[in-house]
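Enquirer: Just so you know, we're using the working numbering here: the sequence shown kicks off at -8 and counts up by one.
Just so you know, these hints were derived from the structure itself, not from any lab. Computed from a predicted structure; not experimentally measured. Treat the hints with care, as some may be off.
[Said to hold, decoys possible] Pairwise CB distance ranges, derived in the manner of DEER restraints: (1) 9 <-> 31: 28 to 38 Å; (2) 1 <-> 27: 36 to 46 Å; (3) 39 <-> 7: 24 to 34 Å; (4) 37 <-> -3: 31 to 41 Å; (5) -1 <-> 36: 29 to 39 Å; (6) -4 <-> 29: 27 to 37 Å; (7) 31 <-> 0: 42 to 52 Å; (8) 33 <-> -3: 45 to 55 Å; (9) -4 <-> 26: 44 to 54 Å.
Glycine included, every Cβ here is placed at the ideal spot set by N, Cα and C.
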Amino acid sequence: MSGGGVFTDILAAAGRIFEVMVEGHWETVGMLFDSLGKGTMRINRNAYGSMGGGSLRGSSPEVSGYAVPTKEVESKFAK
């Protein structure tokens, strides 16, 4: 900050502060998008198993053994 007047030094410092703030915001936005992408991939991997095709994991309760009703539907609504 040498070689200029007071106003030049103030403007140079303000420019550096603005530059650091902009770089910080872009870095934060980049980290948010990175986290969003990794989270989406994790959800897809957990929900659909292999994303490259093939059968979907958990798509059929009879095969996977999950979501088996404990009683008949009619008995749930019987009076």
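Enquirer: What hint numbers does the structure not satisfy?
Expert: 3, 4, 5 and 6
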